[in-house]
Amino acid sequence: VNANAWLPLLVLASSFVPGMIIFMLPEKAVALRTTLNLGGAVLKIIFLVLMMIGVSHGVEYEFRVPLVPGIDFVLHADALSLMFVNLSAVLWLATTIYAIGYLEDSPNRSRFFGYFSLCVTTTVGLAMAGNLLTFLVFYEALTLTTYPLVVHRGTEVARKAGRSYLAYTIGGGVLVLAGTIWLYSLTGTLEFVDRGFIAGLDIDPGVLRVIFTLLILGVGVKAALVPLHGWLPQAMVAPAPVSALLHAVAVVKAGAFGVVRIVYDVFGIEFAASLGVTLPLALLASVTIIYGSARALFQDDLKRRLAFSTVSQVSYITLGIAVAGPIASIGGLVHLVHQGFMKITLFFCAGNFAETLGVHKVSELSGIGRRMPWTTAAFTLAALGMIGVPPMVGFISKWYIGLGALEVGQDWVVLVLAGSSLLNAAYFLPILRKAWFDPPPDEWPHERSYGRKETAWMLLLPPLATVTAALAWGLFASMPGTPLDWVQFIAARKYAP
Amino acid sequence: MSTLLVLPLLPLAVAGWLAVSPRADQLSVGWVVALVAAFPVAMAALAAPDRIELPELLVQGNAALVFDPVARAAVLLFGGLWLTTGLLLTRTTAPGPSAIALLAALSGAMTLAIAEGGPLVYTGLLTTGYGVYLVMACEPGDDWRRAARALIVLLVLSDLLVFELLLSAAASPGTSPQVGLLLLGLVALVLRAGIPPAHAWLPSALVAVGAPVAILLIAVLPAAAVFAALKLLPGGSSQIGVVCLLLAVAGAAWMTLAGLAQTGSRATLGYATAATATLLLLALPAGAGPEGEVAWLVVALLGACAALPLVPLQRPGWTRDIATALVLLVHGLAAGHAVQHAVQALPLGAALFAPLPALCAVFLLTLAARRTAGIAGDDAETEPTRLTFVLVLISTLGLGLAWTADPPRFASTWVAPVGITLGLLTFRFLPAHTRPRIPPGDLLGVVERAVAQALRWLAAFCSRRLPRIQQRGAAWLLGLWNGAAWSRRIKYLDLRLRAWPSTSLMMILVALGAAFLLAK
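As they're listed, the protein sequences go chains W and Z. Each residue of the first sequence is one higher than the last, beginning at 1 in my numbering. Each residue of the second sequence is one higher than the last, beginning at 1 in my numbering.
In case anyone wonders, no lab produced these hints; they're calculated from the structure. Quick reminder that beta carbons are idealized off the backbone N, C-alpha and C, glycines included. Hints may be right or wrong, so weigh each one.
What the simulated footprint calls covered on chain W by chain Z, stretch by stretch (three residues with Cβ under 8 Å from a Cβ of chain Z suffice, anywhere in the stretch; the number is not a length) [what the hints assert, rightly or not]:
id, segment
1, 390-396
2, 404-416
3, 432-446
What follows is a set of in silico ranges between Cβ atoms, one per label pair, in the way DEER data are often shown [claimed, not checked]:
id, chain 1, residue 1, chain 2, residue 2, range
4, W, Lys160, Z, Leu5, 52 to 62 Å
5, Z, Arg315, W, Leu297, 46 to 56 Å
6, W, Glu104, Z, Leu5, 34 to 44 Å
7, W, Val207, Z, Arg51, 51 to 61 Å
8, W, Ile203, Z, Leu5, 52 to 62 Å
9, W, Ala472, Z, Gly180, 34 to 44 Å
10, Z, Gly180, W, Tyr450, 48 to 58 Å
11, W, Ser56, Z, Val20, 30 to 40 Å
12, W, Gly200, Z, Arg51, 48 to 58 Å
13, W, Tyr450, Z, Ala261, 48 to 58 Å
14, Z, Gly180, W, Arg209, 34 to 44 Å
15, Z, Ala261, W, Pro441, 39 to 49 Å
16, W, Leu38, Z, Leu5, 34 to 44 Å
Model the full structure from these sequences, guided by the hints.
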């Protein structure tokens, strides 16, 4: 094991070790807990920057130990995994800052932040998994570490949501397990390889289609593909930082990332297309996109509306991949990052509305822009990004997916994008109109005073930072070092020259 | 840093500063907006052509900022509109739009004006559209809400169509756009420019908002749509010339009927603006012209329309009448010139119908102007102002530069007198309860009365003298077929010629000529 092999482990340890220490801290040890949280998050970003520099210069970072006979536990840092790890690490830092402010007076903070750190650890592990079994281990671990966060409030509603969450995600995990075992029995390997390890093997295409279906349905639970999405709106009972984590950093993204891994590194995109499985996947993603948007239209609870929005938006990633063209893949992959930044901003803002004024419903948002202008401005920009308004990042994703679809002759995808944008506008613009232009009520439901400030700075800073990133990466999308630039590098490796 | 970058960034920077400054409430919104808007106006007047490549912006890597004739016209129009709005806000105590909303919309308009490359133009177009909606939504009261809802739906639909257009164009670069795509662009343009049948929000919005917002609503959205179309559909859209003509003729006729049915000046102005937008639609398939002729016509036509809400803010008198007359004249001449430009992209037979939308637009604006003339200039919340002349000056400049780019011919001059005359006459003969009472001493009133008098004389001439003349003529014509009379006439002529002394003189001349030749 050389020095480069330790770096993936250090990335995991940077959240795992603080998490384990935090579990043991008393509730009153606020300063130490905060230091550990933020220190771990910053350390992780430093390690990641080092790895990104290395990967861009061709260095291999791989940690490998035998797990079961014939299969290793592999952590491998390639361009794709680093993209997801970076997303998780950066948004973890933002969410940690936000959660510290959000849970200032709440009970069980050590338990919360302990699981919070473990959740990010498993997400990072899942991203760096070098084979399907390692992926499965972290995929299941992610379920177990996020469950306590979903039921954190301990109410009956929360426990019910938690049970639903477990039922869905463990069921999904079983499907992935079944697919993995079947695949191993046929191929004798589970190693992720650029353009897939199945391509070229002499296996019955019918069997491969069944395995593909098992694996996609398994990860599709976390990716909230319709009809496997039911857990996501229910999980909205969790505190706002958890919602942000579920929707933008960890769980949903893990599902979408799983789809990417299965299509690219298990089957290979060109082989998957030749099996005829990409078109049904694209259709499923399209149905999810439209269904999620249509359901979001009728939700009065702000977080539920955002949850159905996630159901819709995450499927852009799947759609971009399933269209099976290099340009659409760029759009799908980059939306993994873009959607994360926009959606986390929206959840931060929803949390600010709830925490500062006690506002939870869309119908209660009248005039909130005058009371909380900065939070509402961040919400506005993120919502416009979700609709696909330039120069926000959402436009970049939709542009590439649409262009890629036209490139491979799947023009119908453009109609799906247009329909979804229309529905996005229909459920976001009324919120903006209400927030900015309707008169505010005489009294807010549960207003907390922060002096002259609209809310605590730890609650305000994260959404402003994430929305600024979402704006800058959209406006300067073609610059080197942006997510789009990195994704173009990935796409070049996933398609045969 | 190039001054081109300052155009969109300056309003944004000022808006950002206003958002964070604790002293923002103490500043006059009007002066802030006017000062910021003065910069584009100065740029339009003084700056040399320029270009900056911005390959790292958005997608495709072909984004650029250019300052060509089209951009100059757009910067002048948008800058002038915001300057006027700002100056107007300094003279009113009525609650107006917020400075941040106005500056955000101005930034979008400036981006659109100087942008090149589909996604960047799209960004400017969207920011302008939503910015104007934002400005409108700052209005007090609830009357504007219905119109605003319609507007935002149209904007979203139009944005989606433009997105599809851009995607399709990017998917097949280097090829001329297909007719289907051009029609897509055409529908997008119709939706966001207030062109019939997507015009209904405009008259009701104009009735509900104050003069500062009305100026922007009239001119910004149609202008933004046309400038965007000039940038996104350059040159190759002559294939849809006939479709544009059909839309323009039908739309103009519809607007004329609807405008006639109105009684208020603002509502009529809304229909006049919609008719003007249909005229611009007609001019579009022929392209911008080498020196941005259509862009200057946009300045002239929409600048003139936007000037009309300012007329009631002037004290009654000859300056107000002059302003109104200038507005109508510039608009009419520009409308005629737009027809002259439009026929270049039309088949010969279809070109005969091209003046109809222009006539309708001029007619309706005249009607709106006459209905405006009945409004006394004593608004309690706004000081009297002659800001109309700012927009009149800008639109005159636009017309002059359009004429310089393509000198006017007969086709571009007859529309104004005919359209204005028709408008004046129609107003004169409308039922009394549908037209406001106009105070005495009105300049156009004199013209209107003179024309009406001429018309009465014509009517009397037609009903009394014309039958007599007709009878005489008929008798004379019948007489032409009388053979005996012809025989008498020829005989009479023969006798007269023989008796005429000139015959003798002619013989002397012949004899003298013969003698000269013989001597020689």
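We went through each hint and held it up to the structure:
| no. | hint | verdict |
| --- | --- | --- |
| 1 | 390-396 | holds (count 4) |
| 2 | 404-416 | holds (count 3) |
| 3 | 432-446 | holds (count 3) |
| 4 | W/Lys160 x Z/Leu5: 52 to 62 Å | holds (55 Å) |
| 5 | Z/Arg315 x W/Leu297: 46 to 56 Å | holds (52 Å) |
| 6 | W/Glu104 x Z/Leu5: 34 to 44 Å | holds (43 Å) |
| 7 | W/Val207 x Z/Arg51: 51 to 61 Å | holds (59 Å) |
| 8 | W/Ile203 x Z/Leu5: 52 to 62 Å | holds (58 Å) |
| 9 | W/Ala472 x Z/Gly180: 34 to 44 Å | holds (36 Å) |
| 10 | Z/Gly180 x W/Tyr450: 48 to 58 Å | holds (55 Å) |
| 11 | W/Ser56 x Z/Val20: 30 to 40 Å | holds (38 Å) |
| 12 | W/Gly200 x Z/Arg51: 48 to 58 Å | holds (51 Å) |
| 13 | W/Tyr450 x Z/Ala261: 48 to 58 Å | holds (56 Å) |
| 14 | Z/Gly180 x W/Arg209: 34 to 44 Å | holds (37 Å) |
| 15 | Z/Ala261 x W/Pro441: 39 to 49 Å | holds (42 Å) |
| 16 | W/Leu38 x Z/Leu5: 34 to 44 Å | holds (37 Å) |
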